[in-house]
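Sequential numbering of the sequence shown, starting at 24, is according to our numbering.
These aren't lab readings, by the way, just hints derived from the structure by calculation. Treat the hints with care, since some could be wrong.
[To be verified] Derived pair list, reagent style BS3-like, types lysine-lysine, alpha-carbon separation capped at 27 Å:
{"id": "1", "residue 1": "Lys319", "residue 2": "Lys87"}
{"id": "2", "residue 1": "Lys135", "residue 2": "Lys312"}
{"id": "3", "residue 1": "Lys87", "residue 2": "Lys254"}
{"id": "4", "residue 1": "Lys254", "residue 2": "Lys319"}
{"id": "5", "residue 1": "Lys71", "residue 2": "Lys87"}
[Unchecked claim] Pair by pair, the computed Cβ-Cβ distance ranges are:
{"id": "6", "residue 1": "Gln91", "residue 2": "Ala230", "range": "33 to 39 Å"}
{"id": "7", "residue 1": "Gly104", "residue 2": "Pro148", "range": "47 to 53 Å"}
{"id": "8", "residue 1": "Asp149", "residue 2": "Glu118", "range": "45 to 51 Å"}
{"id": "9", "residue 1": "Glu298", "residue 2": "Gly105", "range": "17 to 23 Å"}
{"id": "10", "residue 1": "Ser78", "residue 2": "Gln106", "range": "37 to 43 Å"}
The C-beta atom is built at its ideal place from N, Cα and C for all residues, glycine as well.
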Amino acid sequence: MNGKFSLPEIFSGRYAALLCGVIILGHLAGTSTPVAAAQGAIRVASEKAYVDLLSLWAESSGIKVNVQIVAARQAIRLAGGGQVDFALVGGTVSEGDRAILGARPGRLPLVKEVGCEALALVVHPDNPLPFILEQEARCIFCATGCSDASPTLSVWNQLTAWAADSATASIRAILPGSNTETGLGLVHLLDASCSSIPERAGSWSDADIEREVAQDTHAIGIVYRLRSIQKARVVPVKGKATDNPVLPEPGKISSGEYPLSGKISLLYNLRSRPESPQSRFLSFISTPKAHEDLRKAGFYPMR
24 MNGKFSLPEI
34 FSGRYAALLC
44 GVIILGHLAG
54 TSTPVAAAQG
64 AIRVASEKAY
74 VDLLSLWAES
84 SGIKVNVQIV
94 AARQAIRLAG
104 GGQVDFALVG
114 GTVSEGDRAI
124 LGARPGRLPL
134 VKEVGCEALA
144 LVVHPDNPLP
154 FILEQEARCI
164 FCATGCSDAS
174 PTLSVWNQLT
184 AWAADSATAS
194 IRAILPGSNT
204 ETGLGLVHLL
214 DASCSSIPER
224 AGSWSDADIE
234 REVAQDTHAI
244 GIVYRLRSIQ
254 KARVVPVKGK
264 ATDNPVLPEP
274 GKISSGEYPL
284 SGKISLLYNL
294 RSRPESPQSR
304 FLSFISTPKA
314 HEDLRKAGFY
324 PMR
């Protein structure tokens, strides 16, 4: 052949094997980067309310975060079983939750409180009434981004205590007890014919609530995150609420002065290398930048 090869010869025998080997090596080289990126990611099971926060943390830390949106108990089960690295949930972590988290033998279940969220009331900017107990609300709008098992829905179930013997009388919703100073600031008189209370609180965003409240001086909005409230007055949930436009103070929230504030906890059940993405993520969430991201997402850092 005088040192030259025809096409049939190239695709036959040892030349074909050599060519296949080159193609395979090239394919592996081309796919190595995505595989490495996937291995360098952390897996977080989270309630829907905290997805924006995780996105901010991922961007600031440079760590890829793969998020699975589930209810709180399911998130804890996934972390306990090793299907995810972390669970990000709201509310108090019970002993039962810790038991679920510790399901993997030889692993130490840990709970890190990363922030808190405070329930606040939103009222019409022209509403002059200084005390919540004086407000006759035609509608109450409750916002959350969580699943059906969310803290807001739990609060909603407690807040709406219907009068069993009356279809027309006002509903008296009290949380906490009306014999406490805080409770006196949380008594609402509701119109029993109110038809605007949503069946699924998850369908309302903070912006939706502000829009509704801005149209009706006799409406009250209940929000956990205060990121988008601009025109309506925000009344902190505590005894003797003031008439001044205010936002909850982080220090008072974490000290328990706002009784309906809730903690945001990161739960995990793993042992990782110091330079692993999991360890770097744990170190990052205690930094000032992580706290800044908490505020951007409408939450507050723990002191």
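Each hint, compared with the structure:
1. Using a Cα cut-off of 27 Å, the hinted pair Lys319 and Lys87 holds, with the two alpha carbons roughly 19 Å apart.
2. Between Lys135 and Lys312 the alpha-carbon distance is near 17 Å, which keeps this suggested pair within the 27 Å criterion.
3. Straight-line distance between C-alpha atoms of Lys87 and Lys254 comes to about 36 Å, which puts the hinted pair past the 27 Å bound.
4. For a cut-off of 27 Å, the pair hint linking Lys254 to Lys319 stands: about 18 Å separates their Cα positions.
5. In summary, the hint linking Lys71 to Lys87 is supported, as the alpha carbons are separated by about 18 Å, within the 27 Å threshold.
6. For the pair Gln91 and Ala230, the beta carbons lie near 26 Å from each other, so the given range of 33 to 39 Å is not met.
7. The given range of 47 to 53 Å is respected by Gly104 and Pro148, whose C-beta atoms sit roughly 49 Å from each other.
8. Our hint of 45 to 51 Å for Asp149 and Glu118 holds, since their Cβ atoms are close to 48 Å apart.
9. Distance hint check: the CB atoms of Glu298 and Gly105 are about 21 Å apart, consistent with the given range 17 to 23 Å.
10. The hinted window of 37 to 43 Å between Ser78 and Gln106 is violated, with their beta carbons roughly 21 Å apart.
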